[in-house]
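Engineer: Chain residues, written in single-letter form:
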Amino acid sequence: MSVPAVDTVLWYLLGGVGVALSVLGTATLALSVRMRLHQLEREGARPEVRRIVLEALDSEPSLEAVAEELERRDREATIEVLEKYLRQLTGGDRERLREVALKLDLDDRALDLLESPLLHRRLEGLNWVTLLDVKLQEEEIAELVGDDAKVAEAAARYLHQDGRDRKATETLLTTHRQPLSTFAMDTLYQANSGDPTPILDVSRASSAEWQTSKTLQVLKVVEHCSASVPSARVDWISDLSSHSSPEVRAAALRAVRHQGWQTVVRESIDWSSVFSDVAVVRRAGYRTLGEWGDAASLRLLSEYGSQETDDRCRLTAVQALHENGAPRSHAENEGYARTWDWVEALSRAG
Amino acid sequence: MGLGGGALEGGMMYGQLSSVLVAFSWFVLVYFAAVNSTYLVVHAASFAGIARERTENQWNPVYSPDSSPFLPSVAVTVPAYDEQEVIVDNVQSLLNLEYPNHEVVVVNDGSTDETLERLLDEYDLERVESPPPFELSCERVRDVYVSPYLDLTVVDKENGGKSDALNAALEFSDSELFCSVDADSVIERAALLEVVKPFLRDPERTVASGGSVRVANGCEIDDGEVESVALSPLPLVRMQTMEYVRAFLAGRVGLSGLNSLLIISGAFGIFRADVLRDVGGYSTETVTEDMEMVVRIHTTLVDRDRDYRMKFIPQPVVWTQVPEDVASLSNQRRRWYRGLLETLTMHRHAFGRPRYGAVGVFALPFFFVAEALGPLVEGLGYVSVAAAFLLGFVDVGFMLLFLGVAVGVGAVLSWLSVLAEVVGFRRYQSPWEIATLMVYGLLENVVYRQWKAYVAWRGFVDLLRGGSGWLNAERVGFR
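Top to bottom, those sequences are chains V and A.
Just add 104 to the spot in the first sequence (first one is 1) and you have my numbering.
Just add 1298 to the spot in the second sequence (first one is 1) and you have my numbering.
Simulated from the structure, these hints should not be mistaken for lab results.
Where hints are given, some of them may not hold.
Some chain V residues well away from chain A (every beta-carbon gap over 10 Å; in silico) [to be verified]: (1) 155; (2) 243; (3) 249; (4) 305.
Rough simulated footprint, nothing fancy, chain A against chain V, three-plus residues with beta-carbon under 8 Å [as the list claims (entries may be wrong)]: (5) 229-238; (6) 411-420.
One side of the interface only, derived from the structure: several residues of chain A facing chain V at Cβ under 10 Å [stated by the list, open to error]: (7) 1356; (8) 1362; (9) 1427; (10) 1451.
We treat Cβ as the ideally placed atom computed from N, Cα and C, and that holds for glycine.
Please model the complete structure; the sequences and the hints are all you need to start from.
Structural biologist: Following this line, the structure appears as structure tokens:
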């Protein structure tokens, strides 16, 4: 290998690097100037658009006048500000802004976006049909959803906003098998918080086909649905007490936390097997009993909590007893007494 | 111009020396080309990652995560050792975070200054008059204080180091997610909700995410909030600003895109608390507990056949104070370098093993070759070129040529990350600041980079000597 070749290689490298630096430096500086100017322009337009939009909430200016004024402003800034307020406002204010948006033909824009080959544009379109309550037929939605889980989640939100809660639930739980995002879980919750019949019915029919992670997510949603339901609708949850995953067994206990008033539900739980299970299940058991909070539950809490060997589980049991105003038990082992001392001291300090 | 034709005439010894130096110069050149090519791939992956992130962020689902019952609870934890200058601002910034479901846990790790007293005075904390009823996997806890009005807990314990303090925080928090923040840092108000996004998008599989760390020196910070962003006037700080931009906007984004994320910064990282407990908490065997934790999570979850995700997202930012003097910076970098070597040594079993996916096959070997060996080889390269020059094997022209290429390639990589800043993030908005960053992208390759190679060698020697000190930096407080 000849020595001068090192020099030659370096010269080539230096030339290449020089060209790269010239192009990169020029592009970076030019872009920074251009983007700064664009930013200043947008920042300048936004307060004016915001003022017009907020004035539109008063009944004074006619909607036509507001739309006309907004049409003369930066369209991107107008869309940005309208979207922000349509998300935040409710009732009459939202309805008035929706009408302004319709006068600006944002509904047509939304329908155009739904036709886009780009996923994020279609998702944006679904956002806008949801915000503007644009009517879509179920066939149109089914065609849109196709195989994409994100589109399914956005479509389910649209269906929920449109009052079609059962369809929203089915879209999330039967169309796609993979785990849900938090957005989808929230949609499921919103669609079922008043009446959890759809989620319970669909789950009873389909839960056997789900992966463990999806079962867990649905149980978490059910846990937050506080409306009462007939015990027959939650029997599939009781069946999960023998599931192979401890997380599912724990979530199943938490899922019935609002159904403790039903004797059938309470009697379906074998507490001795719950409290001989692993820690995560025992903690869920203590929490559920604490939330039921009746005399029988507190007796169970005290009985099993005082025998508890795991520090964290014992703490959960004692916290549940303390929150329910239960008296401190006299038959205390040392760990149980220390836990009570801590919980009481924490309560006094905080 | 060239490597010494005339020197070969100087007898056997000279001839052998010359051959060795030529061979070494080729080795350095090939090494240099291989490492920088890989860095270019990482930079390309970062641009792809930024584009993907921008597309994902363009869709903002029609719901409000902060009012959803499924928003995970977060324990934001601060290990603090002698942080009296910054602790109150830091805690205030954490209490101000726009996140409806978070608690703040500060662990005073045996400070010798007034860190604890300042917290007690500022927040009217009440002492819990009973010892905790659970076994603690950390140094002795002296006292626990809670606020009657805020979600704030202060744990006062014997000194045990940062990992030990984080383990204590893990014991005293009951949130689903565990977020570690350095005491010399200020989180942007919306950053916690941003950094949690990977957990919202994929709640079952995501186990960790991290946000960007940027330089707070020079910014205007008031009451725990960054009021305005600006570059520090100090050249040493500007060098570090350029480094942070490159490390986070190019390095971490690119490595995350290649499923090779090995570091989620301890200054702003968030983990599933049950996963942290499950893998045994933070290791006290290394000084870079953040990197070690990420590598251990990778290897443990792969060993358990668990499907998981770790994500770096550059948009949420924590602003951190960087050292303003050479001695403090040297301490910090020696510690980082030593920690890197410790972590790579601890997880050497995963090197090159396809079972560990991109982490085993690419990330760990890349970190070893580029980040661990890189500064050492670079240091040797400088010494050998200087030796060759003194012995007459090389002329000034060759030296300048070599230096020009090294500086140029380094500048290309830095400028690529400045471009990423311009198109993707825009925390530094004025073209003047961008131009300044670019100048420092060039300047850092002269003297600063050589100094870092020297510091890495010192860190290496520290490790060989078995040094384990914390090597603290001087805190100057937010301005």
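Engineer: Now look at each hint and say whether the structure bears it out.
Structural biologist: Tested hints:
no.	hint	verdict
1	155	24 Å, holds
2	243	22 Å, holds
3	249	15 Å, holds
4	305	21 Å, holds
5	229-238	holds (count 3)
6	411-420	holds (count 4)
7	1356	5 Å, holds
8	1362	7 Å, holds
9	1427	5 Å, holds
10	1451	9 Å, holds
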